[in-house]
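Number of protein chains: 2
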Amino acid sequence: MELKDIKSPQDIKNLDIATLEDLAGQMRKAILNRTSQIGGHVGPNLGAVETIIAMHYVFDAPKDKLVYDVSHQAFSHKMLTGRADGYLYKEDFAKVGEYTDPKESPEYDIFYAGHTSPALSLCVGLAKARDLKGENHNIVALVGDGALSGGVAFEGLDAGGALDGNLICIFNDNQMAIAENHGGMYSHFTELRETNGTAANNLFKAFGWDYVYVAEGNNVKKMIEVLEKVKDSKHPVVVHVNTQKGEGYAPAEEYRERFHYRNPYSIGSGNLLNIDTGESYTGVFKEFLKSNIKKYPDMLIISSATPEDFGLGPKERKELGANYIDVAIAEQTGVSVMAGAARGGIKVVYAVVSTFLQRAYDQLMEDWAMDNSPAVLNVDSTGIAAITDQTHLGFWDIPMITSIPEVVYLAPANVEEYAAMLDWAINQNQHKVAVREPVYSVEHADYEVDTDYSDLNRFKVTRQGKEIAIIAAGDFYVRGKEVCELLKAKGYDPTLINPRFVSGVDEKLLKDLVADHKVVTTIEDGSLEGGFGQKVAGFLGDTPLKVLNFGLQKKFVDRYDVETLEKEYGLRPEQIAATILKNLE
Amino acid sequence: MELKDIKSPQDIKNLDIATLEDLAGQMRKAILNRTSQIGGHVGPNLGAVETIIAMHYVFDAPKDKLVYDVSHQAFSHKMLTGRADGYLYKEDFAKVGEYTDPKESPEYDIFYAGHTSPALSLCVGLAKARDLKGENHNIVALVGDGALSGGVAFEGLDAGGALDGNLICIFNDNQMAIAENHGGMYSHFTELRETNGTAANNLFKAFGWDYVYVAEGNNVKKMIEVLEKVKDSKHPVVVHVNTQKGEGYAPAEEYRERFHYRNPYSIGSGNLLNIDTGESYTGVFKEFLKSNIKKYPDMLIISSATPEDFGLGPKERKELGANYIDVAIAEQTGVSVMAGAARGGIKVVYAVVSTFLQRAYDQLMEDWAMDNSPAVLNVDSTGIAAITDQTHLGFWDIPMITSIPEVVYLAPANVEEYAAMLDWAINQNQHKVAVREPVYSVEHADYEVDTDYSDLNRFKVTRQGKEIAIIAAGDFYVRGKEVCELLKAKGYDPTLINPRFVSGVDEKLLKDLVADHKVVTTIEDGSLEGGFGQKVAGFLGDTPLKVLNFGLQKKFVDRYDVETLEKEYGLRPEQIAATILKNLE
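Residue numbers (my numbering), protein chains in the order written: chain A, 72 to 656; chain B, 72 to 656.
To be clear, the hints were calculated from the coordinates, so they are not data collected in a lab.
Check each hint, because a few of them may be wrong.
Identical chains blur together in the list; that is why a pair holds if it fits in one copy or across any two.
[What the hints assert, rightly or not] Each computed DSSO-like pair below joins lysine-lysine, with the alpha-carbon atoms no more than 27 Å apart:
id, residue 1, residue 2
1, Lys579, Lys626
2, Lys579, Lys589
3, Lys357, Lys204
4, Lys389, Lys361
5, Lys537, Lys589
6, Lys357, Lys389
Bear in mind that the values here come from a model prediction, so they are computed numbers and not experimental data.
Next up, chain A with everything else stripped away, as it sits in the complex:
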């Protein structure tokens, strides 16, 4: 049986074990084929091949509902539901996304589920719908790859354990999150593995679930046997599956963290095809940590499972020792630990990915902002150029963070300003400071960068002109500069402003613009609604100034080309300049 000929799960129902094993080999090759060329989640997908083959062999999708949490392990599911071309042929790669996608496959992909941990709660909803409609099918969640550490996963275990109908949770235990797993429960999983699932103490049973253990999760025959047994069960059951992350590909088995997600690489060596050794904002952040840990020996650095994003590889983490804590995929806890440690009187830095910080909105508000807990929150992967999957957009952090009182949100425009802001933030004891790590392009300051930001919401005029004011924030400051140049070339004399702060406005500076300006333009690399520019528009509403807000629209966009989307949103320098001129008329 050739992988390319599989058009639906029906095509594997009558295959014998040897053929399924051969198919697993083809699927692994296809995973490597795709990810080595365009990048992607390597380890999670390699580890889950047999589990997913068994799921489709035993259950009857789409009647039975197969849900993935997180769906970055679902490549095999896509290959078995008519989308193998997206892994086999380069010209078809773009047709298939990284995550499950109900638009891509309304029949087989139930949810987007790009973020970890909610699958069991979503499945409780599916189960309630099934039962209320009097239907009768299996609901199966494949949970794992660290997803169990997120709070909502436990809530889902709790809610699921109280159901009295069918609900099957396959817990893919590959002993890893993105980095290694952290937390007390992982010793318990070790205990379960070492006792072949017979330990008297059992987390899943404590939540009310039945429990089955499978030691050989990469053995398709064993997986089929176990799933046949739990199929149509009338009570929630956890199938705890021991798998090897990166199974079948030596580099991914050895370097499990690096192969969680990998940019294009050589299949032979596993080495990256393009190594960017140039200057980077990550380098600035790393240097900031290095110099401050010397100054503050009791400083705490927090990560929630993504330390490599912030330049902290295994070596650096080992060196940091007790000064470093990885709370696992658990951003609520990341923020609360930050607030608690700050209250305990030490310097604290929490580095987090913008899209995942969404999970901690309430902790930002109630545990951090409200309290007197000066700490530094470094927000990564922000704006249009960071991550282009709709489930991982970096568009929403400005509206989210700047709607919360007391949090100062700084948007540095270049390497020097980023370094200066981080340094100011750690060395002061008054404010709760978030810093938006730039992404778009590595820039250098052509003005003198301030070292003190304690005078909040003080915008910086980097070019004094008249008639037109351009307030361009963060990594879009350079865009403002480009617009400024275009206007100068047409004989105008614009004012250019780097606001530095996106959580408030410089009231005096804005009011002073009234005297000799007509149009105020804001440019930000984030969603407009609830963002920075609307604060400016709201503040200037009672003046004769026109205010033009440029930024991203409140829309989900998926796997877009950055420049194309910018054009659609009128954000290219020449478009912005043209709009300004139109409004001067």
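Position chain B relative to chain A; hints supplied.
Chain B only, in chain A's frame:
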């Protein structure tokens, strides 16, 4: 020993058990004294008296850190740390808030912790700070009253279980959340209670904690003995305490849900002093459920532990049967179950309190908004008049919800519109609809209320005038009407607009205002930054119209008087009218 003479925990250190028991009796009376007169959390505080006496007897606060989760059970802590007057004397009630408060007591109150569940994560932060500073003291969290069902509590158990120093979690198991507890783990807690803590299966041990069980949690002698044993322990330990919610007050023991939080009542009978039997928005919601459950027999109604807020008492919940699910204090799961059930093809309504919905920002974005999951989210306790504790403000829901794509947020202005919007929302299959339940005052429509809202962001002109346009949203529509009357009395002819939608703007209507208006005023009962008015200001920025935004400032305010705060924010009708006229000049 008289309670009034206790000025610090030192004052109880040398008391004998009999005196402590007498003190417990005095503290109970003081709790009833306060709550019966001004309302408050009755049951949680009555149940925790002995536990907290033992905590202060055994541990040495403020050196040892005592953290409360949720702090609505912490009245006894306040009484033992110099704040007994706030419970004994009516004139001092206002000096003491409902929750722990570092401003009220910087020494003894470590966090605000008005929301449930993050205490263990906060304590992990405190523990890291202690260890990095080389200090040596106990860190003790009193967790309970349902707080364990929130996801971050499990994350905290996970992070805490991996520590290798002192951390003590006192789990106050009173078998209740706000309503009864829900979820699979509660059977497990029953098992632990029934085996006197000896069951082989143990959730806390699975997370890596040591474990001690106390059957008689309302026995101060037993509690002291146990806490003496765990004091200075060098490994995280859970002390599972079986208590009686409402202990010592018959009505609260019998009606545990009603006495979780109680408005002023007669101590003798337990009956409420003022029963409002008049018309209410809750009544509208209840009627909406009643009529639609008949129409859609497979409809699902979700609550996260606050069903009484939505008119669902024990009787109604029983009648609803399988059509009702309480996911416990777990709003992330509330939203995910809503999305999952909608994806499963049934009608779904989730009723949730604004401030608690903050916990589910990521689920709103990733699980609900992104997917095609039409459902109805009813948001309660919104705006300035709902809850005046800074930890429970209803100010933030408009910025939070309206920064998320695809979610339609409706703000009804009166009883008829609320009913019509709920009905439209449940009967359509296109949109994900949130409805902002009005709070401020029960109003009736003096215009014809629409039944169809599928033409999104269509504002309604209820009075056509000129020069001045007043766009007044939701329960502040009536405020706009008052302003309109004031202006009419001065000879002006304002346009009055009910936007109905706060998640977007009526572009055509707004552009048309340019022709014969000069000033556009927005009025909303929510935070301005990121809110509705700034969308209007941003949209009209390129027009000559002046835009004035009225609403709440981005500030934490605590236990305020509504009218006083309105005055401070310039929100009284005469203030708004004056500001408009000033801008007409």
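Evaluated hints:
1. Lys579 <-> Lys626: Classified as between: cross-chain Cα gap 20 Å, same-chain 33 Å, threshold 27 Å.
2. Lys579 <-> Lys589: both (16 Å within a copy, 25 Å between copies)
3. Lys357 <-> Lys204: Between copies only: 23 Å across chains, 55 Å inside a chain, cut-off 27 Å.
4. Lys389 <-> Lys361: Close inside one copy (13 Å), not across copies (60 Å); limit 27 Å.
5. Lys537 <-> Lys589: Intra 8 Å, inter 26 Å, cutoff 27 Å: intra and inter.
6. Lys357 <-> Lys389: The answer is within: 14 Å in one copy meets 27 Å, while 57 Å across copies does not.
In the structure shown, no violation is registered for any of the earlier numbered hints.
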